[in-house]
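Chemist: Take a look at the letters that make up each chain.
There are 2 protein chains.
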Amino acid sequence: MIYSFIKHTLVLGAFLNVSIAIAASNNVLSTAQETELMALKQTALTSDLSYEVVESLTTEVGPRMMGTPGDAKAITWAVDKMNALGFDKVWTEEVTTTQWYRGEAKAQILAPYPHNVVAIALGGSVGTGDKGITGDIVHFENFDALKAAKKGSLTGKIAFVSYQMTRHIAGKGYGAAVGTRVNGAAVAAEKGAIALIMRSVGTDNDRVAHTGVMRYKEGVTKIPAAAISNPDADLLVNQLKRKKPVSFYLKLTASIKDKEVITSANVIGEITGSELPNDIVAIGAHLDSWDVGTGALDDGIGVAMVMASAHHIAQLPKRPKRTIRVILFAAEEIGLLGAKQYMKLRNGKVNDHIIGAEWDFGTGRIYKMTPGVGASSLNVVRELAQYLTPLGVALSDSNDGKGQSDLSLLTKAGMPAMNFSADGTDYFDYHHTENDTLDKVDVEDLKQNTAVYTMFAYFSAQVTTDFRK
Amino acid sequence: MIYSFIKHTLVLGAFLNVSIAIAASNNVLSTAQETELMALKQTALTSDLSYEVVESLTTEVGPRMMGTPGDAKAITWAVDKMNALGFDKVWTEEVTTTQWYRGEAKAQILAPYPHNVVAIALGGSVGTGDKGITGDIVHFENFDALKAAKKGSLTGKIAFVSYQMTRHIAGKGYGAAVGTRVNGAAVAAEKGAIALIMRSVGTDNDRVAHTGVMRYKEGVTKIPAAAISNPDADLLVNQLKRKKPVSFYLKLTASIKDKEVITSANVIGEITGSELPNDIVAIGAHLDSWDVGTGALDDGIGVAMVMASAHHIAQLPKRPKRTIRVILFAAEEIGLLGAKQYMKLRNGKVNDHIIGAEWDFGTGRIYKMTPGVGASSLNVVRELAQYLTPLGVALSDSNDGKGQSDLSLLTKAGMPAMNFSADGTDYFDYHHTENDTLDKVDVEDLKQNTAVYTMFAYFSAQVTTDFRK
Numbered sequence: 000m001i002y003s004f005i006k007h008t009l010v011l012g013a014f015l016n017v018s019i020a021i022a023a024s025n026n027v028l029s030t031a032q033e034t035e036l037m038a039l040k041q042t043a044l045t046s047d048l049s050y051e052v053v054e055s056l057t058t059e060v061g062p063r064m065m066g067t068p069g070d071a072k073a074i075t076w077a078v079d080k081m082n083a084l085g086f087d088k089v090w091t092e093e094v095t096t097t098q099w100y101r102g103e104a105k106a107q108i109l110a111p112y113p114h115n116v117v118a119i120a121l122g123g124s125v126g127t128g129d130k131g132i133t134g135d136i137v138h139f140e141n142f143d144a145l146k147a148a149k150k151g152s153l154t155g156k157i158a159f160v161s162y163q164m165t166r167h168i169a170g171k172g173y174g175a176a177v178g179t180r181v182n183g184a185a186v187a188a189e190k191g192a193i194a195l196i197m198r199s200v201g202t203d204n205d206r207v208a209h210t211g212v213m214r215y216k217e218g219v220t221k222i223p224a225a226a227i228s229n230p231d232a233d234l235l236v237n238q239l240k241r242k243k244p245v246s247f248y249l250k251l252t253a254s255i256k257d258k259e260v261i262t263s264a265n266v267i268g269e270i271t272g273s274e275l276p277n278d279i280v281a282i283g284a285h286l287d288s289w290d291v292g293t294g295a296l297d298d299g300i301g302v303a304m305v306m307a308s309a310h311h312i313a314q315l316p317k318r319p320k321r322t323i324r325v326i327l328f329a330a331e332e333i334g335l336l337g338a339k340q341y342m343k344l345r346n347g348k349v350n351d352h353i354i355g356a357e358w359d360f361g362t363g364r365i366y367k368m369t370p371g372v373g374a375s376s377l378n379v380v381r382e383l384a385q386y387l388t389p390l391g392v393a394l395s396d397s398n399d400g401k402g403q404s405d406l407s408l409l410t411k412a413g414m415p416a417m418n419f420s421a422d423g424t425d426y427f428d429y430h431h432t433e434n435d436t437l438d439k440v441d442v443e444d445l446k447q448n449t450a451v452y453t454m455f456a457y458f459s460a461q462v463t464t465d466f467r468k
Numbered sequence: 000m001i002y003s004f005i006k007h008t009l010v011l012g013a014f015l016n017v018s019i020a021i022a023a024s025n026n027v028l029s030t031a032q033e034t035e036l037m038a039l040k041q042t043a044l045t046s047d048l049s050y051e052v053v054e055s056l057t058t059e060v061g062p063r064m065m066g067t068p069g070d071a072k073a074i075t076w077a078v079d080k081m082n083a084l085g086f087d088k089v090w091t092e093e094v095t096t097t098q099w100y101r102g103e104a105k106a107q108i109l110a111p112y113p114h115n116v117v118a119i120a121l122g123g124s125v126g127t128g129d130k131g132i133t134g135d136i137v138h139f140e141n142f143d144a145l146k147a148a149k150k151g152s153l154t155g156k157i158a159f160v161s162y163q164m165t166r167h168i169a170g171k172g173y174g175a176a177v178g179t180r181v182n183g184a185a186v187a188a189e190k191g192a193i194a195l196i197m198r199s200v201g202t203d204n205d206r207v208a209h210t211g212v213m214r215y216k217e218g219v220t221k222i223p224a225a226a227i228s229n230p231d232a233d234l235l236v237n238q239l240k241r242k243k244p245v246s247f248y249l250k251l252t253a254s255i256k257d258k259e260v261i262t263s264a265n266v267i268g269e270i271t272g273s274e275l276p277n278d279i280v281a282i283g284a285h286l287d288s289w290d291v292g293t294g295a296l297d298d299g300i301g302v303a304m305v306m307a308s309a310h311h312i313a314q315l316p317k318r319p320k321r322t323i324r325v326i327l328f329a330a331e332e333i334g335l336l337g338a339k340q341y342m343k344l345r346n347g348k349v350n351d352h353i354i355g356a357e358w359d360f361g362t363g364r365i366y367k368m369t370p371g372v373g374a375s376s377l378n379v380v381r382e383l384a385q386y387l388t389p390l391g392v393a394l395s396d397s398n399d400g401k402g403q404s405d406l407s408l409l410t411k412a413g414m415p416a417m418n419f420s421a422d423g424t425d426y427f428d429y430h431h432t433e434n435d436t437l438d439k440v441d442v443e444d445l446k447q448n449t450a451v452y453t454m455f456a457y458f459s460a461q462v463t464t465d466f467r468k
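Heads up: the protein sequence lines correspond to chains A and B, in order.
If you use numbering that gives the first Met the number 0, the first sequence corresponds to residues 0 to 468, in order.
If you use numbering that gives the first Met the number 0, the second sequence corresponds to residues 0 to 468, in order.
The set of hints was computed from the structure by calculation and includes no laboratory data.
The beta-carbon is built from N, C-alpha and C at its ideal position, and this holds for glycine as well.
Keep in mind that the hints are not guaranteed to be accurate.
Lysine to aspartate or glutamate pairs mimicking DMTMM-like chemistry, simulated, CA-CA at most 20 Å apart [unchecked claim]:
(1) B:K367 <-> B:E382
(2) A:K240 <-> B:E51
(3) B:K367 <-> B:D441
(4) B:K105 <-> A:E103
(5) B:K240 <-> B:E382
(6) B:K243 <-> A:E51
(7) A:K240 <-> B:D438
According to the in silico footprint, chain A covers these stretches of chain B (three or more CB under 8 Å from chain A) [said to hold, decoys possible]:
(8) 195-208
(9) 227-238
(10) 372-379
(11) 433-443
Work out the full structure, taking the sequences as your base and the hints as a guide.
Modeler: See the structure below:
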């Protein structure tokens with residue numbers, strides 16, 4: 000999950016003044032369909048399949064940043080898994096970009112009190128050269144303070160932003176913290192800085208640093224940018240409090256190879272509709288991960304949920320009316336490249352995509368559903384909501400769901416969306432770190448969330464509603 | 000804290016059949032002394048001093064394994080700090096041993112599914128040579144299973160013990176787990192193994208491995224020994240479940256330099272008794288730490304508690320009757336070397352040590368006090384217990400306190416002891432890792448625990464009881 004998420008949470012925070020009355024309409028599912036839906040729910044709540052899928056992905060593939068051997072393995076793995084799970088069609092759509100290498104990071108406080116610092120290159124950063132760079136630290140408590148620094152005031156210095164992300168069930172602390180990661184290096188460079196270091200965008204207290212994508216600005220010097228772990232940021236702040244110059248060493252062997260084209264692919268599988276095969280219900284996740292953990296939470300469980308949901312539905316005696324399309328996007332972490340390519344191949348048009356939901360927000364239990372549909376289809380959404388209420392999923396009183404991550408691009412192009420919100424209190428303890436591993440997956444929450452996605456997909460594929468209207 | 004702790008918890012578990020009736024005796028403190036004791040309690044509960052001391056030690060010194068530059072800095076720091084805090088006498092007593100270098104660790108699963116593993120050399124391990132070693136894994140679920148393996152059955156193999164330490168308020172899971180760390184390499188080598196890897200002795204779920212001391216056995220080949228992080232151990236177990244050979248690579252650049260003598264020192268400070276200066280009330284902690292974290296919990300807070308306790312008492316208008324001796328032991332982690340030297344310099348005799356208490360068990364709140372005193376002084380202990388009850392400290396109904404860590408050697412030589420037990424539920428999340436840093440210190444618990452030690456030291460120094468009897 001990257002910065003598109005910021006927009007998502009901001010939008011969630013600013014509820015529209017659209018009031019959706021919670022009232023039952025006539026049933027849109029037949030009794031037989033309702034029976035099937037309840038059976039699917041029980042299957043998903045008791046099946047180990049989604050856990051088995053994420054266990055398989057993390058154990059047999061592991062980290063899978065675009066362009067790495069892990070990424071290539073993940074594509075093969077996904078195609079094989081979809082075929083094994085009984086999908087009707089499986090195919091890939093190629094995505095290309097240029098290469099970035101992380102390399103190694105080494106960081107130290109040299110003076111007044113030498114200390115080894117746990118650091119990681121931000122995704123896309125240039126390297127420092129083999130000798131590394133040394134400079135005195137200039138400390139900013141947040142990104143605004145860095146922005147307010149005078150031009151030239153950081154010449155020869157290393158800018159350090161110590162802002163600490165706050166913990167929140169919906170991950171709202173991320174938006175306030177991530178600006179430094181994405182744009183901090185460009186801003187620091189404009190003031191003359193030779194490097195940017197920042198406190199990790201994370202809520203944990205581990206000596207583990209959080210990576211994530213950053214961007215340079217046209218015409219501004221590209222300076223190295225790294226995140227340091229929360230305990231190391233604390234220690235650096237404590238040294239700075241002593242009012243002596245703090246000398247810092249940073250070595251990043253990262254490099255941008257903008258002549259080396261690398262290839263990945265979106266992996267797409269379908270359960271073909273029995274009556275309206277050209278109507279697509281899209282459920283998505285991203286197949287890539289950062290290169291440090293095994294991407295269990297981000298986004299292995301999303302991959303597992305949507306694949307297991309489609310499989311459960313494929314086990315029914317008859318296919319639902321509409322097609323269920325599982326889209327495993329490439330290269331989400333480095334800038335939604337898979338989603339951009341998906342749109343490009345369709346000339347920006349997704350009119351056949353009836354509705355879509357992505358999963359890219361950690362392991363917690365889904366507690367809210369926010370539609371982003373035409374007003375006239377809200378009654379149908381309320382029907383779905385009634386089926387989900389017993390699972391603890393409340394219907395939001397806003398109708399501004401935008402689609403998570405990759406699917407946000409499809410939503411922009413007009414695809415109706417259903418956003419599911421989960422408890423993300425602990426998500427940013429692990430996000431974009433080595434610690435994003437299988438043990439963080441809550442098996443029971445995963446079953447619950449798979450049940451929600453299975454029911455959403457089945458319901459949306461059996462009704463004939465135009466969710467645009 | 001090392002393996003001496005095992006004995007301590009085992010003994011705590013096996014309560015003796017000595018019943019101590021909880022009944023008030025006549026007050027042994029005068030009214031004026033009681034007033035002073037209450038004032039000291041308030042001072043300790045409100046003062047930031049103990050936090051300031053551990054902040055200073057971790058920020059200005061950091062890691063301090065014996066023989067490292069950090070160790071030398073810590074000794075200077077401790078002498079300076081004791082002088083600044085108003086101790087009457089401060090001195091050092093030299094401790095020597097031979098050198099061990101940790102070097103770097105690199106570990107990988109090579110097949111069937113390549114994966115980078117977070118590993119750390121166990122303290123005292125030999126290295127692998129620059130090329131590292133490769134072998135197939137033989138998996139044992141616990142140390143007993145490894146012990147039961149046939150001689151020669153591990154020839155050319157790497158032994159892996161996956162036993163997971165359990166979480167417990169008193170750290171009781173440590174005893175069952177640490178045997179592999181201390182003796183696993185010797186046992187594995189006897190069966191022909193070329194290396195030992197083990198799941199870290201820790202309760203966390205971080206990609207951070209736990210070090211700790213290990214021992215070789217005379218006449219048995221010294222093989223490299225490393226701990227791997229809990230998530231990596233999980234992944235290795237999951238790969239092994241697939242019943243394919245698992246090939247593992249381990250490189251440790253550790254080395255034993257048994258010709259290189261290194262020097263450290265116990266740092267000792269006293270608040271000299273006003274009436275019985277030759278009667279010593281000992282409060283101790285260990286100054287060294289492992290080389291990976293900043294040793295905030297193990298044992299920075301112990302250092303802070305005993306130094307702050309003595310300082311608070313030194314602020315009184317008059318010294319208590321007996322001498323309060325603060326002992327900051329060297330080289331506890333690598334085998335209680337400072338405590339051994341302390342005893343050696345005193346020809347094994349500590350008859351002038353009236354009673355002692357060490358702190359070496361993390362950041363939680365003290366909830367229990369276990370004496371190890373002569374039966375006739377139990378009434379006096381009950382007096383102390385009554386003062387501590389409002390702080391939530393219960394008097395154990397056993398009288399088998401042995402002294403934590405270093406002080407256990409003094410207890411063996413006859414010194415009465417007072418053991419304080421704290422909530423150690425989370426302690427082994429951080430123990431012997433990079434994650435043992437200042438942010439893990441609970442400021443309020445530290446104040447509380449400092450109050451307990453201050454009151455214990457003052458009380459024991461004002462009464463004239465012979466705790467041996």
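Chemist: A separate judgement is required for each hint: does it hold in the structure or not?
Modeler: Here is how each hint holds up against the structure:
no.: 1; hint: B:K367 <-> B:E382; verdict: holds, 15 Å
no.: 2; hint: A:K240 <-> B:E51; verdict: holds, 13 Å
no.: 3; hint: B:K367 <-> B:D441; verdict: holds, 18 Å
no.: 4; hint: B:K105 <-> A:E103; verdict: holds, 14 Å
no.: 5; hint: B:K240 <-> B:E382; verdict: violated, 58 Å
no.: 6; hint: B:K243 <-> A:E51; verdict: holds, 18 Å
no.: 7; hint: A:K240 <-> B:D438; verdict: holds, 16 Å
no.: 8; hint: 195-208; verdict: holds (count 4)
no.: 9; hint: 227-238; verdict: holds (count 6)
no.: 10; hint: 372-379; verdict: violated (count 0)
no.: 11; hint: 433-443; verdict: holds (count 6)
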